[in-house]
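Please construct the entire structure, taking both the sequences and the accompanying hints into account.
Residue numbers (the numbering used here), protein chains in the order written: chain L, 122 to 358; chain X, 70 to 378; chain U, 7 to 319; chain F, 467 to 729.
Simulated from the structure, these hints should not be mistaken for lab results.
Among the hints, erroneous ones may be present.
[Said to hold, decoys possible] Here are the simulated lysine-lysine pairs, DSSO-like style, with alpha carbons at most 30 Å apart:
#  : chain 1 : residue 1 : chain 2 : residue 2
1  : F       : K709      : L       : K339
2  : L       : K300      : L       : K229
3  : L       : K174      : U       : K302
4  : F       : K469      : F       : K640
5  : L       : K132      : U       : K302
6  : X       : K110      : L       : K189
7  : X       : K350      : X       : K76
8  : L       : K132      : L       : K229
9  : F       : K685      : L       : K293
10 : L       : K132      : X       : K110
11 : X       : K110      : U       : K302
12 : F       : K685      : L       : K140
13 : L       : K174      : X       : K110
14 : L       : K339      : L       : K300
15 : U       : K313      : U       : K302
Listed here are the chains, written in short residue letters.
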Amino acid sequence: MRLRIENLEVKYGNVRVLKGLNIRVEQGEIVTILGANGAGKSTTLMTVSGLVKPSGGGVYLDDVPLHKLEAHHIVNLGLAQVPEGRRVFGTLTVLENLRLGAYTTVDKALVGRNLGWVFEMFPILNRRSGQLAGTLSGGEQQMLAIGRGLMANPKILLLDEPSLGLAPILVKSIFSTIKAINRSGVTIVLVEQNARLALKLADRGYVLETGRIVLEDKAEALLANPEVQNAYLGGMH
Amino acid sequence: MAPDKGKVMQLFLEQLTNGLAVGGIYALIALGYTMVYGVLKLINFAHGDLFTIGAYLGLTLLLSLGLTGHIGSAAGILVLILMVMGLVAVIGALLERAAYRPLRTSPRLSAVVSALGASIFFQNAIMLIYGARFRVYPHDLLPVTAISLFGLTIPVMRIVLFGASIVMMTGLYLFVQRTRTGTAIRAAAIDQGAARLMGIDVNRVIMYVFLIGPALGGAAGMMVGLYYGQINFTMGWVYGLKAFTAAILGGIGNIPGAMLGGLLLGVIESLGATYISLAWKDAISFIVLILILIVRPTGILGERVADKV
Amino acid sequence: MKHGIIVNSLIVVVLLAAPIWLNAYWVDVLNSIGLYAVLALSLNVILGYAGLFHMGHAAFFAIGAYTTAILNTQFGIPVLWLMPLSGIAAGLFALIVARPIIHLRGDYLLIVTIGIVEIVRIALVNNIFGITGGPNGIFGISRPNLLGYVIRTPHDFYYLIFAFTAVTVFLFHRLENSRFGRALNYIREDETAAEGSGIDTAHYKLVAFVLGAFWAGMAGMIFASKMTIVSPQSFTFWESVIMFTIVILGGSGNIRGVLLGAFLIIGLPEVFREFAAARMLVFGAAMVLMMIFRPKGILPPLSRTYKLKTNAG
Amino acid sequence: MSKHTLLSLSDLTKSFGGVLAVSEVSFEVHQGSIVGLIGPNGAGKTTVFNLITGNYLPDRGSIFFDGRDISGMRTNMIVSLGIARTFQTIRLFQNMSALENVLAGCHCRMRSGIFGAMLRLPWQKHEEREAIDIAAGELEFVGLDSNPDMAARNFSYGNQRLLEIARALATRPKFLILDEPAGGMNDHETRSLVRIISQIRDRGITVLLIEHDMNLVMKVCEELVVLDHGIMIARGTPEGIQKDQSVIEAYLGPPGNDEDEDF
Chain L
122 MRLRIENLEV KYGNVRVLKG LNIRVEQGEI VTILGANGAG KSTTLMTVSG
172 LVKPSGGGVY LDDVPLHKLE AHHIVNLGLA QVPEGRRVFG TLTVLENLRL
222 GAYTTVDKAL VGRNLGWVFE MFPILNRRSG QLAGTLSGGE QQMLAIGRGL
272 MANPKILLLD EPSLGLAPIL VKSIFSTIKA INRSGVTIVL VEQNARLALK
322 LADRGYVLET GRIVLEDKAE ALLANPEVQN AYLGGMH
Chain X
70 MAPDKGKVMQ LFLEQLTNGL AVGGIYALIA LGYTMVYGVL KLINFAHGDL
120 FTIGAYLGLT LLLSLGLTGH IGSAAGILVL ILMVMGLVAV IGALLERAAY
170 RPLRTSPRLS AVVSALGASI FFQNAIMLIY GARFRVYPHD LLPVTAISLF
220 GLTIPVMRIV LFGASIVMMT GLYLFVQRTR TGTAIRAAAI DQGAARLMGI
270 DVNRVIMYVF LIGPALGGAA GMMVGLYYGQ INFTMGWVYG LKAFTAAILG
320 GIGNIPGAML GGLLLGVIES LGATYISLAW KDAISFIVLI LILIVRPTGI
370 LGERVADKV
Chain U
7 MKHGIIVNSL IVVVLLAAPI WLNAYWVDVL NSIGLYAVLA LSLNVILGYA
57 GLFHMGHAAF FAIGAYTTAI LNTQFGIPVL WLMPLSGIAA GLFALIVARP
107 IIHLRGDYLL IVTIGIVEIV RIALVNNIFG ITGGPNGIFG ISRPNLLGYV
157 IRTPHDFYYL IFAFTAVTVF LFHRLENSRF GRALNYIRED ETAAEGSGID
207 TAHYKLVAFV LGAFWAGMAG MIFASKMTIV SPQSFTFWES VIMFTIVILG
257 GSGNIRGVLL GAFLIIGLPE VFREFAAARM LVFGAAMVLM MIFRPKGILP
307 PLSRTYKLKT NAG
Chain F
467 MSKHTLLSLS DLTKSFGGVL AVSEVSFEVH QGSIVGLIGP NGAGKTTVFN
517 LITGNYLPDR GSIFFDGRDI SGMRTNMIVS LGIARTFQTI RLFQNMSALE
567 NVLAGCHCRM RSGIFGAMLR LPWQKHEERE AIDIAAGELE FVGLDSNPDM
617 AARNFSYGNQ RLLEIARALA TRPKFLILDE PAGGMNDHET RSLVRIISQI
667 RDRGITVLLI EHDMNLVMKV CEELVVLDHG IMIARGTPEG IQKDQSVIEA
717 YLGPPGNDED EDF
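Here you go:
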């Protein structure tokens, strides 16, 4: 399965947020999208998931035009997203949150297997399964959000800033989990501000600046590229 | 002189049970407000009129079927209530499609005005069809008996009414808590965007909400007809406003809150009418509402939400 | 600009001359339109300019009308003297009730203001303080006496109401284009940004309520002296809905829109009186359709322009 | 350049639902300087701004402005004392004209009320005239004087940010707080923003800004304060901060030896 973003343009009112984006993601890859705040990273993921409709260009999963589908159909095709800020359902229990992740899955046995898998990956969620999601700590909520995304049994998982607001030790464990998820055959699209970590994890990366792609390369190459650091900390004078 | 303690107690219990019966009706209507508000953040002003429609449809069906005899009636009435619920549910879903869905992305005031318009439309439609005068429910359908409990006489009708509302509320609660669709409704009320990322068709969820709420409201309408015996085309305003108060009292958007708020309001009103002033009965609920909103704007079971700047 | 002045003057002339050809019935319809126009304009300060969802305006109207009725029948004070007093009574009432609820947002404010209008009505029905006359209300209110001339017929009242409406339009137009009017608009557009620009939003919201109530109270005086009787039925929640609808359908925040709204909503049902039964049905449906197809009302407010200094460079 | 302290924060602490957003942050801003507040997403920068401007109440700590304790004061009071701000997510009065948006800033320096509006006495007309001139002047200052009557929503993203700055300047501030002024701007717009910020300082207005565009921050700021997870982790000159290991880690993640980094 291959995800293609072609000449994607998105407008919020009169403001052009994405100005002709091209990104492709091959099966089994980890691709990271980097960039400063407001560059359009989250908008890109939201457009792929169908929550934002593009004003031009399109998103294709193999040959299926995702931008013509409703969000709930896109999930059904095997594309799940872990949104920025986690957005767990705070007044629902952990288990209910996870089951909602599998909302489109009819096969009950499969849901059970996925639940087992998620609990294996995040044992803490099993222990807290009856607790309201809003009462979890930030790191636990992030695990829940990822677990909820996995419950959809996705072939492609979009992750939006999974490290946001987490202590470094937790970030590391979340990132190892992402690697493990990828090894189990799930393609990963990772939006991150923690560029170094993201590039160490990813196969390839794109750097976004105000709605355009300014760099695109293999992860190692980007890691060595001083321009990436510039995008975050500014160039040395 | 010591007051007659027995009489005092009896009056209190009498009013308490009356309050619970009326409160059950408020709660059933309040559920419709709270569910719609939860998902759409809209006060469905027309909900009170769906309740009225329930009362009038119930009357029409009762008269056209010509039920007689107590036993046959009891079963018949049950069937009729289910029919009324189904019909009002369909009207509710149509209302959503026609008056609210086109305004989903508009400012909230537009939707509120549209709701008011829909309410005026329904009220006048009922008046055109049934006339402006009070209509009377057939009163010989159910046995007009009362049972004695610890020296207290309670009309059977009151118990049946209270029981029916409890059954319906429990059913709804289980549906919302236990089923996949129910969880989807709760999720959509918390965060529509995240719900869509889960693959939930939010439009469908909203349709469910507009089927369930009006169904319960319609049932409540018929129950009022059976309990009080007479109905009027404007009764939806009064009941609707009180039920909405109940929903806020419990914490709007919160389903158990609406049930609690409804019962509480019924009891407060009934006791207030007895011990404070009957004439001020209809004002009590509004005074409670204002006090609640000043002291605790999110209601009893509602949660505080911080404003983001 | 010139064109606008000609059209406006023409409308004024036609309105001034209208009673000459109209019978008492139609003049009375125009009087209703005028009164509702004033009420809706005063509501427009709160709902249109400041964007506060207020559906209890009939309560302020009632306080004004009853102040006139009580003071006139009990103490024999001439009704025209009572005009400012009725306004002040309504304004004070607004100050007291609005203060604790002013911070409530949108829908909550809406439902509380509905509550207030119902509480006021029930209080009137219950003959609160023994001075409101209960469900029957108060009758025998005297007619306005203007320098010895008693205003009595619909035609007389027409000119009184017309004058009051004209003054209202003139003053509110000035209000709209002032520091005060802009402050309310800023609050409507974005309260946080308004506060962040140095505007005391709580103060202005309260002042909007008090001013709107003051004006509704004065309109209440005219209503009381025109009817010579006031009773709770005249101040139901339904009256509030009508005022609210005039503002929203006509064009919230725009004086012309509100005036047009008053003509359409009060006048049209009279024109279609033979379809009496169905007209409210159509009215309800029209509200829904308006919100779908023209949500800002028939005449939404025009943006204001300012003359800048013309110094080149 | 005087070393007078205009703003001083001490031990400022704020938590939301048990999560510390800002923890014991203390720093001063000297009159006439341009200070940058930087840090990764979620570091608590905007919360600091909201505490200064009275949008949030601090749990602990104090905020002194011009020798006055302003913690717990209402926002509009703080503005009239001389602190103005812009917002991270643009908060203009979208349906009102550019000039009217800027006039909002003039509001707190005007006096006329309801009666003034209705009577229109000469001094009130004069005041209104003056306010319009000031607003027009600020529009010109940020380079938006060509379309004063256009509704704010029709301006480009970058120009909307400039319009917010003009509105803030119209309050006649001593101290200006800019929350991501370059967010969504293109290179050209950012360059003119840099010029505008320097000109603002030249007018004697002290500037504190949050910005993710580090080129801009390094260019205009004389001093930087770095937050991470609500804690101040560094403070110093731009050159020093760029070399500060803890800052680099906060942004790019901990270094670690490339080989044994295995997820």
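Consistency of the hints with the structure:
Under the criterion of a C-alpha separation no larger than 30 Å, the hint pairing K709 of chain F with K339 of chain L is consistent with the structure, at around 26 Å. Between K300 of chain L and K229 of chain L, the direct Cα distance comes to roughly 27 Å. Compliance with the 30 Å bound is thereby established for this hinted pair. Taken as a hint, the K174 of chain L and K302 of chain U pair is honoured in the structure, with Cα atoms around 26 Å apart against an allowance of 30 Å. A threshold of 30 Å between alpha carbons decides the hint, and for K469 of chain F with K640 of chain F the separation of about 15 Å falls inside it, so the pair holds.
A distance of roughly 24 Å separates the Cα atoms of K132 of chain L and K302 of chain U; the hinted pair therefore holds under the 30 Å criterion. Straight-line distance between C-alpha atoms of K110 of chain X and K189 of chain L comes to about 28 Å, which keeps the hinted pair within the 30 Å bound. The straight-line distance between the Cα atoms of K350 of chain X and K76 of chain X is roughly 22 Å, inside the 30 Å bound, and the hint therefore holds. In summary, the hint linking K132 of chain L to K229 of chain L is not supported, as the alpha carbons are separated by about 40 Å, beyond the 30 Å threshold.
Between K685 of chain F and K293 of chain L, the direct Cα distance comes to roughly 34 Å. Violation of the 30 Å bound is thereby established for this hinted pair. For the suggested pair K132 of chain L and K110 of chain X, the alpha carbons sit about 26 Å apart, so the restraint of at most 30 Å is met. For a cut-off of 30 Å, the pair hint linking K110 of chain X to K302 of chain U stands: about 20 Å separates their Cα positions. Simply put, K685 of chain F and K140 of chain L have alpha-carbon atoms about 27 Å apart, close enough for the 30 Å limit, and the pair holds.
Pair hint K174 of chain L plus K110 of chain X holds up; C-alpha atoms about 23 Å apart against a cutoff of 30 Å. Proposed proximity of K339 of chain L and K300 of chain L is supported: the alpha carbons are some 17 Å apart, at most 30 Å. This hinted pair checks out: K313 of chain U and K302 of chain U have alpha carbons roughly 27 Å apart, not beyond 30 Å.
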